[in-house]
Amino acid sequence: MNTDDFISLLASGVAPVDRSMVAKRISIAVLAGFMGATLLVIAIMGIRPDLGQAMAEPIFWARIAFPLSLMIGALSMVGKLARPGIASGPGKILIVTAVFSVWVASIYVLLVSPPDERVAIILGETWKVCVLNITLLSVPGFVAVFWALKGLAPTNLRLSGACGGLLAGSMATIAYSFRCPEMQIPFWGVWYLLGMLVPTVLGALLGRRWLRW
Amino acid sequence: MERITHNDELRRREFNLQALFIAGLGGDESAYRIFLTELSGHLRGFLRSKLQQRPSEVEDLLQEILLAVHNARQTYRVDEPLTAWVFAIARYKLTDFFRGRSRYDAFNESLEDVAELFANPHLEPAQASRDLIRLLEQLPERQRLPIVHVKIEGLSVTETAQLTGLSESAVKIGIHRGLKALAGRVRGAR
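Same order as they appear, the protein sequences are chains A and B.
For what it's worth, the UniProt record's numbering labels the leading residue of the first sequence as 1, then goes sequentially.
For what it's worth, the UniProt record's numbering labels the leading residue of the second sequence as 1, then goes sequentially.
Treat the hints as calculated values from the structure; they're not laboratory data.
All C-beta atoms, glycine included, are put in the ideal place defined by N, C-alpha and C.
Among the clues, some could well be false.
[To be verified] Pair ranges (Cβ atoms, derived):
#1 A:Ile64 / B:Arg48: 28 to 38 Å
#2 A:Arg19 / B:Thr158: 46 to 56 Å
#3 B:Thr95 / A:Met21: 21 to 31 Å
#4 A:Trp147 / B:Arg77: 20 to 30 Å
#5 A:Val104 / B:Ser167: 23 to 33 Å
#6 B:Arg77 / A:Phe100: 24 to 34 Å
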């Protein structure tokens, strides 16, 4: 087929496009990711029994603020990376700031606690399962976000995959907050972050192959 | 002085192409056709300069980029320059093309300047070596028939629905998914 015929094919009967398609696809993915992670927490892990009490504590909300900041940053980057020719934007500043703040707070907490308790504070009671749980909970969001990106037009596949993975991981961590008993900042700074890094790295690795279009 | 005239020229092209493309997004077939024709002239000149070793592949890659532009048209935001959007797609496809041939070394020059896209328009189409019709024929019926009837034979969606027994929305979805699937097959056939 020569190019003029092909142009004719593309143009003929062309339908008006839905301008809000990018926003719609990403919203569906976020909704599916959150619902999937929340249902998994309820079904296989159970929410913590003292949730009502815990929610009254400001530290509970500070803990949610950490993955929430990463989620907002990753979401804003995904929305931009899905469109050709647009820079990934200020989302990464929010992500770096959130991680940096948690690390500074972690170091402060460790410095003011007695030296022989520091390791116990970092490990908490659930360090062995935390990363695995967050990774598991990020699966529905990971699939949904990759589905959304696959239908759009990312041109930087590795970065798009990484941001998509971080988006899934941060949504999973928010859902996991309703189950996780750990209330020490250094625990989040290590294990929550590692848990979110797993889907981020996987996204970067799989993006090159899965997001091609 | 010359620099200013050159920039004016680029701005004029941007403005012109963008108006045609936006009309196309609204469903204006003839504006969209003019847009694709003008764009293909620019892209052909651009690809010729990038694929000097393989002139036979220029037309194939050009068609692949046009298909990508078409399939990605919903991701265009009207407040962004159209040329930057098109250029990002062309650069992505060109990089992907070279990567597929594992010729990293052949493509080490950076593609940063949108103006390159307009450097040497070339309107004379050459023969494509890959036949898209053959790839189109491999698509499943529910995608192939809507494309053949609406996009090649020029029937309306309603007529195609009656002819094929598909619903009108199935016809529209078939065209949309079929063209995306075609892009996948083009990649696979490369």
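How the hints compare with the structure:
| no. | hint | in the structure |
| --- | --- | --- |
| 1 | A:Ile64 / B:Arg48: 28 to 38 Å | violated (55 Å) |
| 2 | A:Arg19 / B:Thr158: 46 to 56 Å | violated (24 Å) |
| 3 | B:Thr95 / A:Met21: 21 to 31 Å | holds (25 Å) |
| 4 | A:Trp147 / B:Arg77: 20 to 30 Å | holds (21 Å) |
| 5 | A:Val104 / B:Ser167: 23 to 33 Å | violated (58 Å) |
| 6 | B:Arg77 / A:Phe100: 24 to 34 Å | holds (31 Å) |
Checked against the numbered hints above, the structure breaks hints 1, 2, 5 and satisfies the rest.
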